[in-house]
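Participant: Chains Y and F, in that order, give the protein sequences. Numbering follows the working numbering, with no gaps: position 257 of the first sequence is 446. Numbering follows the working numbering, with no gaps: position 191 of the second sequence is 345.
There may be inaccurate statements among the hints.
To be verified - Derived Cβ-Cβ restraints for the label pairs, each shown as a range: (1) TRP242/F - LEU249/Y: 27 to 35 Å; (2) ASP280/Y - ALA323/F: 49 to 57 Å; (3) PRO341/Y - LEU204/F: 32 to 40 Å; (4) PHE228/Y - ARG234/F: 55 to 63 Å; (5) ARG428/Y - VAL185/F: 48 to 56 Å; (6) LEU422/Y - PRO238/F: 51 to 59 Å.
Said to hold, decoys possible - If you want a taste of the chain F side facing chain Y, the calculated C-beta under 10 Å gives, among others: (7) VAL185; (8) ARG233; (9) PRO238; (10) SER240; (11) LEU279; (12) LEU333; (13) THR338; (14) ALA349; (15) ALA362.
It is worth saying that the hints were derived from the structure and are not from the lab. Since we're looking at a predicted model, the values are computed, not measured. Every residue gets a Cβ at the ideal spot worked out from N, C-alpha and C, and that includes glycine.
Each chain, letter by letter, is given below.
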Amino acid sequence: MNYLFDPSNWEWLWSGNNLEFLLKAFLINLEIAAIAIVFSLIFGLLLALTRLSKLRPLALAGGVWVDLWRNLPLIFIILYLALAMPPSWQDAYEDVVPSFFPEALQSGRVFAGILGLVLYNSAVIAEIMRAGILSLDRGQGEAAASLGLTYPRQLRYVILPQGLRRMVPATVSQLITLNKDTTLVSIIAISEVMRAGRTLSSGFTAFVGGVEAPLLQVFIFIGLLFVAVNLALSRLSRRLEVRERKRTAGPVGGVEDQTALVTESS
Amino acid sequence: MTELWNVLADHFSEFSTGFWVTVRIVVISFVIAMVVGTLVATMRIAPVKLLNWVGGVFVEVFRNTPLLVLLFISYAGLRRAGLPISAWVAGVGSLGLYTSAYVAEALRSGVFAVGKGQIDASLSLGLDYPRTLRYVILPQAVRTVIPHLGSLTIAMIKNSAIIGVSLLALEDLLHQARLVNSRTFQTDEVFFWAAVGYLILTLLTTLAVRRLEVRYAIHR
């Protein structure tokens with residue numbers, strides 16, 4: 190305990206540009222998370238609709254795809270992609286990545302990480318969205334159909350706004366998990382916050398005359414960064430939820446009930 | 155195709171050792187997660203403000219920190235600080251505590267689903283608080299949260315793969331797969347069999363949870 194709170198073991202945080210170095214690396218994690226979130230939501234919705242499709246073979250194929258990716262460990266997927274991805278995919282990524290992206294995201298190596306995050310999380314989110322849509326009363330779709338709305342319009346104006354809104358808490362909790370999982374790309378040598386933490390605590394700074402950064406304290410600090418961001422995310426989601434509940438009829442309970450809903454309907 | 159079977163035949167002992175290490179990690183972490191999770195859930199619903207607060211902090215810290223960070227802290231961090239912790243203790247401890255925060259939240263929501271009326275009824279029958287918990291609340295709460303505990307267990311199986319690739323030298327299934335791959339370079343074949351191993355575990359758990367659910371379901 191004395192070791193943990195000894196001020197000399199926290200001195201590294203204020204000395205030199207250590208703090209800036211860590212925060213910049215943490216920003217890379219947040220950026221990877223942001224990109225992965227956007228694509229996971231898009232593909233998650235597409236996969237959910239595929240699974241609910243009236244075309245049997247299409248629904249079945251979607252089901253196999255989703256069950257495959259969400260039942261494999263994410264770290265496994267990322268490692269496999271990093272080892273097996275053809276170099277041409279990495280080149281293709283480097284060609285399409287916008288130039289305003291930070292330097293760490295320009296390299297093709299990061300593509301395996303982002304692709305892995307999207308493959309895994311889009312499958313999980315697809316299940317959440319599907320459960321939300323299935324929890325709607327059938328009458329909603331039927332009423333929309335009898336009013337003469339085409340299937341895409343039923344989705345756009347009646348089913349999705351209600352079905353997806355119900356599942357906001359479960360989706361946000363999955364996005365928080367995604368945010369934590371960005372640390373896994375450190376395994377494939379992307380210089381994000383875990384790598385930065387190891388660089389800081391490698392003893393090299395002490396060697397060149399700086400202040401020694403003890404590994405325990407460095408990673409406790411990194412953990413606290415994640416806690417802060419994730420708490421802010423979940424607070425935001427709770428506030429949205431309360432506002433929605435005031436506006437509309439009661440949605441499906443909290444995160445726990447929604448996760449149960451996902452498991453039951455799968 | 156023959157390549158695929160050859161890889162399995164040549165390296166079966168590595169795959170099976172890895173598989174059983176993963177099973178052991180999962181079983182031990184599961185026990186830790188359930189025990190600590192139940193304790194923390196009890197703290198969070200206890201009629202003592204301080205305990206509520208401690209339980210709340212525990213849940214938020216362990217739920218919002220990446221597992222990889224917990225592993226770094228508990229193994230390399232504590233070792234550098236002079237605490238000789240073993241890879242196994244750090245590995246299953248991190249995974250168990252990480253999952254226990256989710257378990258605590260699941261149980262707590264299950265307790266709330268039981269309803270205040272039942273608790274009041276039990277207290278007015280003369281049962282004290284621990285007994286109310288033991289005989290009235292928990293048996294019902296556990297049943298309503300079975301599906302959620304199941305999906306947490308599946309998540310835990312998947313998260314166990316993080317232990318083997320981080321700096322902890324636990325030779326689980328993914329760790330063994332990487333070792334075999336570094337010798338044979340037959341990435342597709344090696345990872346195919348590792349995937350089979352993980353899918354056996356996750357899909358079997360899914361089936362087991364579904365059976366439990368049917369058996370203990372409360373029809374309301």
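Participant: Hint by hint, say whether it matches the structure.
Facilitator: Status of each hint after checking the structure:
1. TRP242/F - LEU249/Y: 27 to 35 Å: Violated - the Cβ-Cβ distance for TRP242/F and LEU249/Y, about 42 Å, lies outside 27 to 35 Å.
2. ASP280/Y - ALA323/F: 49 to 57 Å: Given range 49 to 57 Å: violated, Cβ gap about 35 Å.
3. PRO341/Y - LEU204/F: 32 to 40 Å: This hint is violated: roughly 55 Å between Cβ atoms.
4. PHE228/Y - ARG234/F: 55 to 63 Å: Check failed, 38 Å falls outside 55 to 63 Å.
5. ARG428/Y - VAL185/F: 48 to 56 Å: Taking Cβ atoms as reference, ARG428/Y and VAL185/F lie about 37 Å apart, which means the hint is violated.
6. LEU422/Y - PRO238/F: 51 to 59 Å: 37 Å, violated
7. VAL185: 20 Å, violated
8. ARG233: Holds, about 9 Å.
9. PRO238: Violated: closest Cβ of chain Y sits about 14 Å from PRO238/F, beyond 10 Å.
10. SER240: Result: violated, 17 Å to nearest chain Y Cβ.
11. LEU279: 28 Å, violated
12. LEU333: Not OK, violated: LEU333/F not within 10 Å of chain Y, min 13 Å.
13. THR338: With a closest approach of 12 Å, the THR338/F hint is violated.
14. ALA349: 6 Å, holds
15. ALA362: 12 Å, violated
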